[in-house]
Every structure is written in C-alpha cells, then in structure tokens.
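For the protein sequence lines, the chains are A and B, in the order given. For what it's worth, my numbering labels the leading residue of the first sequence as 1, then goes sequentially. For what it's worth, my numbering labels the leading residue of the second sequence as 1, then goes sequentially.
It is worth saying that the hints were derived from the structure and are not from the lab. C-beta atoms are modelled at their ideal positions from N, C-alpha and C, and glycine is treated no differently. Among the hints, a few may not be true.
As the list claims (entries may be wrong) - Calculated Cβ distances over 12 Å to all of chain A for the following chain B residues: (1) G61; (2) K87; (3) D103; (4) K131.
To be verified - Pairs of lysine-lysine, PhoX-like flavour, derived with a Cα cap of 25 Å: (5) B:K24 x A:K61; (6) A:K73 x B:K10; (7) A:K61 x B:K89; (8) B:K63 x A:K22; (9) A:K36 x B:K131; (10) A:K22 x A:K103; (11) A:K85 x B:K131; (12) A:K73 x B:K87; (13) A:K11 x B:K65; (14) A:K103 x B:K63; (15) B:K24 x A:K51; (16) A:K61 x B:K75; (17) A:K50 x B:K131; (18) A:K50 x B:K75; (19) A:K95 x B:K63; (20) B:K124 x A:K22; (21) A:K22 x B:K131; (22) A:K11 x B:K75; (23) A:K61 x B:K31; (24) A:K22 x B:K87; (25) B:K89 x A:K51; (26) A:K85 x A:K11; (27) A:K73 x B:K24; (28) A:K36 x B:K124; (29) B:K87 x A:K51; (30) B:K24 x A:K103; (31) A:K11 x B:K63; (32) A:K50 x B:K87; (33) A:K73 x B:K131; (34) B:K75 x A:K73; (35) B:K10 x A:K61.
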Amino acid sequence: MRFMLIVKASKDSEAGIMPEEKLIAAMATYHEDLVKAGVLLDASGLQPSKKGWRITFSGGKRTITDGPFAETKELIAGYTIIQVKSREEALEWAKRMPNPGEKDGEIEIRQLFELDDFGDSAAIDRFREMEVSLKK
Amino acid sequence: MRFMMLMIPKGYEKAEPGTLPDPKAIAAMMKYNEELAKAGVLLGLDGLHPPAAGARVSFSGGKPKVTDGPFAEAKEVVGGYWMIQVKSKQEAIEWASRCPASDNETIEIRQVFEAADFGPEIAKEERVLLKHMEENRTAIS
Numbered sequence: 001m002r003f004m005l006i007v008k009a010s011k012d013s014e015a016g017i018m019p020e021e022k023l024i025a026a027m028a029t030y031h032e033d034l035v036k037a038g039v040l041l042d043a044s045g046l047q048p049s050k051k052g053w054r055i056t057f058s059g060g061k062r063t064i065t066d067g068p069f070a071e072t073k074e075l076i077a078g079y080t081i082i083q084v085k086s087r088e089e090a091l092e093w094a095k096r097m098p099n100p101g102e103k104d105g106e107i108e109i110r111q112l113f114e115l116d117d118f119g120d121s122a123a124i125d126r127f128r129e130m131e132v133s134l135k136k
Numbered sequence: 001m002r003f004m005m006l007m008i009p010k011g012y013e014k015a016e017p018g019t020l021p022d023p024k025a026i027a028a029m030m031k032y033n034e035e036l037a038k039a040g041v042l043l044g045l046d047g048l049h050p051p052a053a054g055a056r057v058s059f060s061g062g063k064p065k066v067t068d069g070p071f072a073e074a075k076e077v078v079g080g081y082w083m084i085q086v087k088s089k090q091e092a093i094e095w096a097s098r099c100p101a102s103d104n105e106t107i108e109i110r111q112v113f114e115a116a117d118f119g120p121e122i123a124k125e126e127r128v129l130l131k132h133m134e135e136n137r138t139a140i141s
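Assemble the whole structure, with the sequences as input and the hints as a guide.
Laid out in structure tokens, this is it:
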C-alpha cells in the first residue's frame, strides 16, 4: 500500500521562509531512516502558494487566479510518499516525522489509489501501459 | 522546472471511503495523461483515497496526535496530482488549462523546490537520497 504524507503549509512556509538548518537536518535523518527501511518512494517540497496559480473550470471556460491562496491551513508545503504493509505502519512513520511546523505543524496521511482498485476497463489498461513507460 | 498540479475536487472532503471517480471521467483524463506522457513532460501522477479513509497527525507541544478522517473543518482537499517537468511557468499553466476537468474541480499549480535551492550541501545529500529512492522503486516494482 502506498501512502502520501502531506505536510500542511504554515505561516513561515507560505512566507517563503526556508526551514532552519536544525529542521532540515532532522528531516534528512528521518528520510534516511525511511530509505534504510526501504519504504521511501518520493518526497518534494512545494514553493509558496504566492508563486502558484489556480485554474477553475466552468464548461469550456478556464479562469486563472494568481496565488497566494487564503486558507493557509488547507495548503500543502510538501509531501513524502511511502510504500508500507498497513495503515498502522503508515501512521507509525507519520508520527516519527519531525514536527514540520514552527510550533503546531500538521501532516495529513492519505492512501494512494492503485490501478487494481478501479477494476478492469480499457482506460485502466492504458494507464497500466503508461506506468510501465514512465518507469523506464 | 518541476511543477505539481494539484486536483481539488469540490465535495471530496465529504466523500465516503471507497468512493471512485466516474468511469467516463477516468477515460477522458486518460487521454489527457497520454498527451502529457507523449510530450515527455509527465513525471508522475496519483489519485488519493478520500480523507474519510485518511488521518492527520498534529505536533502541538512536540507530541504527535493522530486524528482519523473525515475532517469536519476541511473546506477543500486534494484528490490527486500530476508532477510535470516543463520549461516555464507559462507551459505549466497551458498544460493545466488543457485538463478535461469538470465545473466542480480546481487545479492548483505549484513549483517544486529543487535541491539546489537549499545550497550545495543539501543538493549533494539529495542526490544520494534520490539514488536510494530509485533503488526502492525498482525493488518494489
């Protein structure tokens, strides 16, 4: 099972303030532990939402809005994807993550869909082919 | 430049565990995904189970506290993402605009930090980490 650990944005991350060396070091150690356990698949940090955009869809019309976006608590600052055997194992790893926020950091844990979850269909078969080619 | 396109479907914050997208929407999205792949810009993509099946960990006071989903106060949640590699912000916006999204969906586009943004030491450490992640992915698949 794959899970995404979503690091929620904080005032600092939204202000574009880079984490302190201490936190970067703690995060490096944590991700090294994930690697050693063979569960880490991917991890990235996102630049603040003020440098981003949103596109809303209405029929054929697209509207582009520049960031920042108001709801800091709903925004994402980064993510880590892990492959584990159970939801409990994912939660254990999540609890071990260094506090990503200044004081009251938060991460959200969400399971990723696997292609087998969708049952058999021609469209899903095309996804399978694409995944194989992406891995090359 | 790498960009993450985050799909935010309205109402997904209240979706029941086990909710799957409509097959017609999947087929339309598949065509779009193939175009991204053919253009050589697609690095990865995934769909996320509804938050009702997820959890949040908060670290107030240094102690991790687990709260199971759904999250009553959530106004919007991520339903999926694409990671793309393009030459400019404009190109990222163009790709996002071409997505066959429906009226209740919003796509947020965010640039991803590259290791070089954190200085040479971190960049070096990341190269080692990336190599190990690649090995994990190969071992798992």
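Going down the list of hints, with the structure as the test:
1. G61: Given a closest Cβ separation of 8 Å, the condition is violated.
2. K87: At roughly 16 Å from the nearest Cβ of chain A, B:K87 sits farther out than 12 Å, so the non-interface label holds.
3. D103: violated (5 Å)
4. K131: violated (10 Å)
5. B:K24 x A:K61: holds (20 Å)
6. A:K73 x B:K10: holds (17 Å)
7. A:K61 x B:K89: holds (20 Å)
8. B:K63 x A:K22: Distance of about 18 Å is within 25 Å: holds.
9. A:K36 x B:K131: Holds, at roughly 12 Å.
10. A:K22 x A:K103: holds (14 Å)
11. A:K85 x B:K131: holds (23 Å)
12. A:K73 x B:K87: violated (30 Å)
13. A:K11 x B:K65: Given pair A:K11, B:K65 holds - Cα atoms ~21 Å apart, limit 25 Å.
14. A:K103 x B:K63: OK: A:K103 and B:K63 at ~11 Å, within 25 Å.
15. B:K24 x A:K51: Violated, because 33 Å separates the two Cα atoms, which is more than 25 Å.
16. A:K61 x B:K75: Measuring from Cα to Cα gives roughly 24 Å; hence the hint holds.
17. A:K50 x B:K131: With a Cα-Cα distance of about 31 Å, the restraint between A:K50 and B:K131 is violated, given a limit of 25 Å.
18. A:K50 x B:K75: Holds - the C-alpha atoms of B:K75 and A:K50 are around 19 Å apart, at most 25 Å.
19. A:K95 x B:K63: holds (9 Å)
20. B:K124 x A:K22: holds (17 Å)
21. A:K22 x B:K131: holds (24 Å)
22. A:K11 x B:K75: holds (18 Å)
23. A:K61 x B:K31: holds (19 Å)
24. A:K22 x B:K87: At roughly 33 Å apart (the allowed maximum being 25 Å), B:K87 and A:K22 break the hint.
25. B:K89 x A:K51: Roughly 10 Å separates the two Cα atoms, so the pair holds.
26. A:K85 x A:K11: violated (34 Å)
27. A:K73 x B:K24: Violated: A:K73 and B:K24 sit about 33 Å apart, past 25 Å.
28. A:K36 x B:K124: Judged against 25 Å, a Cα distance of about 18 Å means the pair holds.
29. B:K87 x A:K51: holds (16 Å)
30. B:K24 x A:K103: violated (44 Å)
31. A:K11 x B:K63: holds (20 Å)
32. A:K50 x B:K87: It holds: about 20 Å lies between the C-alpha atoms, which stays within 25 Å.
33. A:K73 x B:K131: violated (33 Å)
34. B:K75 x A:K73: holds (10 Å)
35. B:K10 x A:K61: Distance ~17 Å between B:K10 and A:K61 Cα, so the pair holds.
Hints 1, 3, 4, 12, 15, 17, 24, 26, 27, 30 and 33 from the earlier list are contradicted by this structure; the remaining hints agree with it.
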